[in-house]
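Peer 1: All chains, please: the whole structure from these sequences, using the hints.
Chains as they are written, first to last, in our numbering: chain A, 444 to 864; chain B, 11 to 329.
Just so you know, the hints here were simulated from the structure itself, not pulled from any lab data.
From a predicted model like this one, the values you see are computed outputs, not experimental measurements.
Where is the CB? At the ideal position from N, CA and C, for every residue including glycine.
Among the clues, some could well be false.
To be verified - Listed next, with one range per pair, are the computed distances between beta-carbon atoms:
| # | chain 1 | residue 1 | chain 2 | residue 2 | range |
| --- | --- | --- | --- | --- | --- |
| 1 | A | GLN696 | B | ASP318 | 49 to 55 Å |
| 2 | B | ARG255 | A | ALA655 | 51 to 57 Å |
| 3 | A | ALA596 | B | GLU142 | 40 to 46 Å |
| 4 | B | GLU142 | A | ARG623 | 46 to 52 Å |
| 5 | B | GLU19 | A | GLU759 | 33 to 39 Å |
| 6 | B | GLU19 | A | ALA699 | 19 to 25 Å |
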Amino acid sequence: MISRRDFLRTGGAAASLLGLSRAVEIRPDPSFVRTRPPQSADVNIGVIGYGPRGREITSTLSRVPGAHVAAICDSYAPMLRRAQRDVPDAARYEDYHQVLDDAEIQAVVVATPTHMHRQIVVDALEASKNVYCEAPMASSVDDARAMAVAAQAVSDSQIFQVGHTYRSNPQHRSVFQFIRSGAIGSPAMGRAQWHARQSWRRTSPNADRVRALNWRLDPELSIGLVGEMGIHQMDVAYWVLGALPTKVIGFGQIMAWNDGREVPDTVQAVFEFPSGMHMMFDATLASSFDDAYEAYYGTDSTILFRDRGKAWMFKEVDAPMLGWEVYARKDKFYKETGIALLANATQLDAQNQDPTEDDPNVETPLWYALNEFMDNHEFGPYLPAADYQRGLEAAVIAIVANDAILQGTSLAIDPALYTLG
Amino acid sequence: MHTVKMALEAMATRFELVLMGSDAPSLRAAGEEALAEIAHMEARLSFYRPTSEVSRINRAAASGPVRVSACTFRLLQRAAAITESTGGAFDITVAPLMKCWGFVRGRGHWPARDALQQARSVVGMQHVVLNEPNRSVAFLRDGLSIDLGGIGKGYAIDEAASILKECGVNRALLHGGTSSVFALGAPPDEKGWRVAVPLTRSQADGVCLPQAVVTLNDEALSVSAVWGKAFQNDGIVYGHVIDPRSGMPVAGAELAAVVHPSAADADALATALMVMGTDERSRALQNFGTLRFLVTRATGPVVAHGIDIRARVPIEAPC
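Peer 2: Written as structure tokens, this is what we have:
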């Protein structure tokens, strides 16, 4: 029996002639990634916040050249016990001030709940630490601006990078050039989605801890799905399109998790850009169908990002030939899997995978972002791709969009909010 | 008392989770976090994903040390310790032999002599250096590769179970592909979760009766079995379990089941028990105290310790 992959490998040309697939995978130029000189000393990093995201960052840092996680801070004892198991040689602190007082620590990563970022970041910059702050940078415009002002004031001597990881991702940078050079023709519209089947709720045996953990479901603290998830996609959108949105219309509903929550589990927003182009975004916790992606529709082709940085182009039949697409790998869409009425279908699929099929050297967007942060220690300080200005802009987009969603209305985005003046 | 059931497709199989407790939204939240941990583990440990830490090790560790995450390093150390305590019957470097015998993508075949010799030369944990201070992995030979398939699922289940405990869940059952099970606490008014170990073949009337029912409480059960992935040569059936030391598939091995507080250890020990002969098993088991286990082979009696076996029935048709 011939597998789907074998078929694609051997029959790719025929498949494209038959019109089964016109998707062309776009790969980055490896020269985007710099190499650190091997002799340079490791940077001692303090990770503040050791929840799932802090753990992912710590784990990724273990593979980033030049990074040494020297301290971990969390206010909840069980998280510090995890830290002890994961990074036994790192100092453990309950209070972030202890990290800032530790003279050995040169840089901090802030991975706490969003509403706690402001105080920690401002204090860390004041304590002369370099800062990598998770995105969204803040959940209020006041907080975002205060952080941006603090970062701007020390930008000559200190690094402040926001966790908009796609800005550091070679794949996104490559496709960015591609779109900007006109390969999709005239841009017509954009569309992004983030779909998952999960409650967004967290739990603990400790009642205070339950309250603290569920900040994403607290209407006073949360900027909702568009803020916590969509912000990464909207960040790419306004980067790729080269303009900030001027208006947003939003809707939000509780459709699946009617458990007393007030934060919508399903949202839609439409963003207007100065060119007149519109970008649609929707997110839901009710359905995981088709996961997350962004698509940019142009008159010559559509470009699709998905799977954390992979990208494909779908050409119109009358679009000009680019030349190289004849030799590029073609993938059949959609790859979303429904219920397969086959025994062991998932097992067979996995075993048919060729481990070398994708570019084996590709790293996650988080790795590239943290690598850029470490490079900045070596070669900088310079303004990172996701600097305080980009962090502020993305936060403003997300915060106003969340307001529009909660009010079910259209809101203009005051351009003054985007600038520090 | 509420019961919440959840599932996840990962590691080329289906994980299922049953949670019991007083608050359904909390149970679900705990389950989501536990299943997310399994998905994270797959991203790190997958032999097939080019971006996994295991793939990175396999590509680069022969050229120099590869740094890995604490989590992956812990598992590699655990695997190395089990290799040592089982006299090499369990070994995560067995992949070249599996490939050579045609068990990676097929039902298996007799390999060419040269190919077998070549594969044997690149199998063995003695060729893998684990450097604790900087948590790096290096291969002493080209061609080595690590496949955590025999222990990774159990490890993911252990990590998921520890998250459930941290979340305050004290009654749950979690399994991956029905071959690795972890029971947290017990259902109300029960001593534990009752899990059946199937017969490898059915009775004449086609009815599959379990050959044992194991009660688990804060314990894992792992079952290793040939399940049809086997071929015949000169009338002997060779299953997909290979003895890493001889390079040969284990003839006649049918099923091994192990109960252990850790699902990772249970997984690895079940594989090791499939490989070991009777005498070797007796010697090795001294390293494991009062291990509860069960082993069946195509011929000979069922060997069990700490697990009740029902009367075995005549075997006629495949299950």
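Peer 1: Evaluate each hint against the coordinates.
Peer 2: Hint check results:
1. Our hint of 49 to 55 Å for GLN696 of chain A and ASP318 of chain B holds, since their Cβ atoms are close to 54 Å apart.
2. For ARG255 of chain B and ALA655 of chain A, the hinted distance range of 51 to 57 Å is satisfied, since their beta carbons lie about 52 Å from each other.
3. Checking the proposed 40 to 46 Å range against ALA596 of chain A and GLU142 of chain B shows it holds: the Cβ atoms sit about 43 Å from each other.
4. Our hint of 46 to 52 Å for GLU142 of chain B and ARG623 of chain A holds, since their Cβ atoms are close to 48 Å apart.
5. The hinted window of 33 to 39 Å between GLU19 of chain B and GLU759 of chain A holds, with their beta carbons roughly 35 Å apart.
6. Range check, GLU19 of chain B to ALA699 of chain A: Cβ separation about 20 Å, and the 19 to 25 Å hint holds.
In the structure shown, no violation is registered for any of the earlier numbered hints.
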